[in-house]
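Student: Below, each chain spelled out in residue letters.
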Amino acid sequence: MKFQFKRSRAAAALAIVTVAGLALAGCSTSTSTTSSGLTTDPTQIKGSITFSTWWAYANQKLVDGFSKEYPNVKVKLDFTAIDTYPTKLQALASSGDLPDVFAAQNASLVDLQKAGQLYNLKDALATAPYDGKAKTWGGSFNASLLKGANATLDTSKGETWGVPFNAISVASIYNKDIFDKVGIKVPTTFAELLSNCTALKDAGYIPMSLTGAVWGTWWTSLAWDQTMNGEKVADFSVSDPNYIKGFQIVQKMAKAGCWTDSQVTTDIAAETSLFLQKKTAQFVSVPENFLASVVKGADFKLGTYVLPALDGKDPNRILGGGNANVLVVNKASKNLSAAVAFAKYLTSTKVETDLASSQFTIPSLDINLSSGNPLMAAYLEAAGHGFTDSSTYLPNFSTAGYTTYSTEIFPNLVLGKITPEQAAQQTEGLFQK
Amino acid sequence: MSRIASERRRSRLLGLLFAAPAIALLFLFLIWPIITGIGYSTTSASGYGDKTPVGADNYVRAIQDPDLYAALGRNIIFAVIVVVASITIGFVLAYFLYMKIRGWRALQVLLMVPYIMPVVVTALLWQFMLEPENGLVNAALRAVHLNALAGPWLTGEGTALGTVSLVQVWVTVPFAMLLIFGALIALDHEVLEAAEIDGAGTFTRMTRIVLPMVRPTIVLVAVVLSVQLFRSFDLVYLLTRGGPINSTTIATLYVFVQGFINNEYGYANAVGIVIGAVLVALALLPRLFSRRAAFREKANHG
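These protein sequence lines map, in sequence, to chains A and B.
When we follow my numbering, the leftmost residue of the first sequence carries the number 199, and every step to the right adds one.
When we follow my numbering, the leftmost residue of the second sequence carries the number 5, and every step to the right adds one.
Be aware that a few hints might be false.
[Unchecked claim] Under 7 Å between C-beta atoms, here's a sample of chain A residues computed to sit facing chain B:
| id | residue |
| --- | --- |
| 1 | Thr278 |
| 2 | Thr282 |
| 3 | Thr285 |
| 4 | Asn304 |
| 5 | Ala305 |
| 6 | Asp309 |
| 7 | Ala313 |
| 8 | Gln315 |
| 9 | Leu474 |
| 10 | Lys477 |
| 11 | Pro593 |
| 12 | Asn594 |
| 13 | Thr601 |
[Said to hold, decoys possible] Here are some chain B residues the structure puts well away from chain A; computed CB gaps all over 10 Å:
| id | residue |
| --- | --- |
| 14 | Leu158 |
| 15 | Leu224 |
| 16 | Ser230 |
| 17 | Ile249 |
Hints were generated in silico from the structure; no laboratory data involved.
Quick reminder that beta carbons are idealized off the backbone N, C-alpha and C, glycines included.
Between the sequences and the hints, there should be enough to build the whole structure, so can you do that?
Tutor: Given below as structure tokens:
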């Protein structure tokens with residue numbers, strides 16, 4: 199009996215220890231493991247991950263900064279130029295070799311999500327950020343940019359597939375010497391923009407860049423944000439007068455001589471070259487390495503200005519990048535905890551602030567920054583007006599549909615071969631179903 | 005007998021053993037990609053890891069695709085311009101080399117430069133030269149007051165395909181010249197000497213005697229070039245990326261756009277198979293010609 203009592207005591211002690219252990223495990227789950235099983239404690243995260251990107255400023259020095267807090271994680275940086283990056287990503291996805299953390303945009307992003315290759319960051323966004331004042335990682339972002347990063351993706355079950363890594367903003371970099379010579383001032387209205395184009399053209403200059411091969415369709419996007427703002431995407435029709443008005447605005451710019459016919463095919467390098475050779479008076483561009491290369495190569499005075507509202511509605515919102523600069527995590531990553539931790543690091547206040555002060559970038563976080571370089575002032579001012587949110591009034595183009603729109607319809611509109619009404623009609627059937 | 009049979013079997017096995025690496029490479033780099041491509045062509049794959057079977061839908065779509073026919077049409081125009089111009093110019097140059105004009109050895113080497121220059125260098129060079137605002141060609145034309153001829157070249161919808169074709173001619177002429185020159189030096193000199201004695205001039209000898217004698221080589225060059233040009237991608241892509249407004253989107257570029265821009269990987273594979281079938285038919289043409297020629301000769305002799 200005595201023996202049985204001892205055994206009962208031992209069993210009870212074991213039970214108590216077991217329950218206490220489980221309770222303690224529960225406690226440790228709430229501090230170092232998320233509900234989806236991700237580890238958040240830096241000392242417990244080990245291994246190696248690969249980070250792929252086309253962002254030239256996401257260099258080895260930046261990547262090495264992660265190791266200071268996560269010494270047990272080795273990050274391999276894989277940089278590929280933007281021209282070939284989507285093709286490389288496609289090949290990697292096809293063979294099951296996607297990197298752990300990578301940059302994605304536009305069509306690649308959509309198809310990666312459809313193929314089930316992306317990790318749902320919803321739970322991770324509810325955890326603490328890498329640094330900063332926000333309570334959660336998700337709360338650290340500019341809300342419209344976070345929404346924009348996922349706007350073209352299927353988020354019907356509340357998923358978040360990607361986070362924005364730096365915002366973009368668009369402004370005009372102009373040759374002050376040419377402006378002075380022609381006797382024009384920085385435009386504050388659309389009418390002044392058009393009259394500047396005419397004056398510059400008459401003086402023998404190319405008034406502004408179009409970068410038709412890559413960025414031409416920005417103009418319709420900016421125009422629609424003015425003309426269609428307030429409308430509902432469910433009511434969209436290609437016959438909507440406000441939709442057609444966006445094409446009319448671009449046609450007015452083309453008729454005012456803002457661009458030459460050749461510019462429907464120019465790429466970034468060609469436009470940069472024409473601007474630096476003082477053939478083009480203005481280069482409408484995002485900052486980042488594009489502004490950096492212009493600053494480095496120009497032997498004339500530079501200025502930047504905020505683009506005026508194309509339909510008179512101030513303050514005019516600017517393109518924020520939406521799904522153009524998105525950071526995603528590979529669902530099949532063998533080290534999800536490290537991958538998510540690295541994504542948090544890249545989108546931390548420290549990293550984005552450092553980049554903004556040295557690399558002509560704009561943070562995608564909800565932080566206020568003053569410009570370190572006078573040329574960035576226009577970009578920050580434009581960003582301060584807010585970012586366009588086309589998903590509220592315009593359906594997304596399908597991948598093939600956008601190719602048709604950007605390589606046929608938009609150039610034909612600029613060249614005057616089709617009317618705005620015809621351009622609108624021709625977009626019928628090009629949107630995602 | 006059994007000893008002979010076993011010797012033969014052993015010999016065959018030994019041959020297979022030596023051929024095995026080559027067969028393996030052939031399978032790995034030729035047969036397997038074709039099988040995989042056919043597999044993808046029956047799916048709606050985007051190339052990002054998804055693969056939903058769709059049967060023959062992609063082929064049905066390809067047969068009804070006006071953009072594909074337009075791309076093939078542009079390819080035919082491109083091939084005709086390049087083949088006719090390359091062979092004509094190549095023949096004339098080969099003939100001058102054959103006639104051993106002064107400095108012909110140095111000229112022979114110089115004329116090969118366009119062919120051996122890397123295609124990226126060629127594309128960059130011509131892009132700079134043909135740039136509408138600053139390019140050398142338009143600058144030279146404006147300098148001699150021929151402003152009307154200073155065109156958009158690679159950036160004009162109506163001029164881009166012709167311009168790309170002429171750049172391709174510049175690259176291809178040396179190849180045609182070399183092959184035709186090889187046929188010329190194999191000619192019987194006595195025939196030409198006899199013609200010269202009979203009073204035939206240079207032009208007459210070139211067109212009435214030499215040209216007919218090298219016709220089989222010219223036909224071969226035409227067929228080889230045609231197949232090459234239907235496979236052509238790099239130069240056109242580097243010069244214009246298929247623009248402006250798809251005016252230089254030839255067949256291979258169309259496949260590229262479908263597969264890597266539109267992410268319609270399955271459809272791109274189907275189109276690639278269709279184009280491949282066209283190329284195989286083209287490649288079989290010389291055999292058809294030679295069979296007909298042999299049949300005709302047999303009929304003539306009796």
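Student: Where does the structure disagree with the numbered hints, that is, which hint numbers, in rising order?
Tutor: When the structure is compared with the hints, numbers 1, 2, 4, 9, 11, 12, 14 and 17 turn out to be violated.
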